[in-house]
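Please take these sequences and the hints and turn them into a complete structure.
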Amino acid sequence: MHENPEQDITGVILVGGKSRRMGKDKAFLEVAGKPLFERVLEVFRESFAQVVLVGNREERFADYGLPVLPDIYHGSSLGGLYTGLHNAATEYVFVSSCDLPFPSAEVLRYLCSLRNGYDAVVPTTANGYEPLFALYAKSCLGPIKRLLDSGDFCAYAYYPQVRVRYVAYEELARFDRDGRAFLNINTPEEFAKIGGNL
2 MHENPEQDIT
12 GVILVGGKSR
22 RMGKDKAFLE
32 VAGKPLFERV
42 LEVFRESFAQ
52 VVLVGNREER
62 FADYGLPVLP
72 DIYHGSSLGG
82 LYTGLHNAAT
92 EYVFVSSCDL
102 PFPSAEVLRY
112 LCSLRNGYDA
122 VVPTTANGYE
132 PLFALYAKSC
142 LGPIKRLLDS
152 GDFCAYAYYP
162 QVRVRYVAYE
172 ELARFDRDGR
182 AFLNINTPEE
192 FAKIGGNL
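Positions 2 to 199 (the working numbering) are the ones given, in order, by the sequence shown.
There could be a bad hint or two in this list.
Under the rule of at most 25 Å between Cα atoms (straight-line distance), these lysine-lysine pairs were calculated in the PhoX-like manner [as the list claims (entries may be wrong)]:
no., residue 1, residue 2
1, Lys25, Lys35
2, Lys25, Lys194
3, Lys139, Lys35
Keep in mind that the hints were calculated from the coordinates and are not lab data.
This is the structure in structure tokens:
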């Protein structure tokens with residue numbers, strides 16, 4: 002257990018996804034007997050003093066005793082990030098999707114430690130940016146709102162307008178010893194590969 006949860010960062014878990022490719026709600030698929038959402042929540046609860054959920058799914062997550070914020074802009078992870086940032090009482094939020102099978106508390110805390118002087122701290126891997134396991138400051142609200150208002154929902158199209166600390170995977174590898182921190186599961190086949198049961 003992390004002894005000093007971050008006070009000036011709100012943990013924001015995006016729970017509004019439709020899981021179309023999976024065919025059932027990814028948040029509650031189980032790996033090693035624990036729903037994916039709870040795996041993310043466990044890391045967030047030990048890392049942040051405040052945790053909120055974002056998405057129009059209050060009834061599905063009511064049992065967790067956390068605020069569930071309805072989307073201000075519907076239908077995208079960028080809109081979810083905007084809702085979390087807009088409502089946060091802290092200067093920073095750390096955002097994650099709700100369906101990471103192996104979220105890493107060590108990677109999360111390292112990313113948070115780099116925030117001074119930046120509007121965003123974003124990991125990069127061989128697959129590109131990882132905008133949904135990243136840290137953002139309130140200063141991103143304006144650029145994100147302009148993007149959303151223009152109808153563009155790309156999660157990183159506004160990065161050139163803010164000060165981003167890009168964190169190459171090589172810098173994070175020592176915290177992610179099994180190389181699975183950014184694994185994302187979208188299909189039943191991918192889920193079966195990691196030993197999950199549908």
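Regarding the pair lysine 25 and lysine 35, is the alpha-carbon distance no greater than 25 Å?
holds, 16 Å
Against the 25 Å threshold, does the CA-CA distance of lysine 25 and lysine 194 hold or violate the hint?
holds, 17 Å
Pair hint outcome, lysine 139 versus lysine 35 [Cα-Cα no greater than 25 Å]
violated, 33 Å
In the structure shown, a violation is registered for the earlier hint numbered 3 alone.
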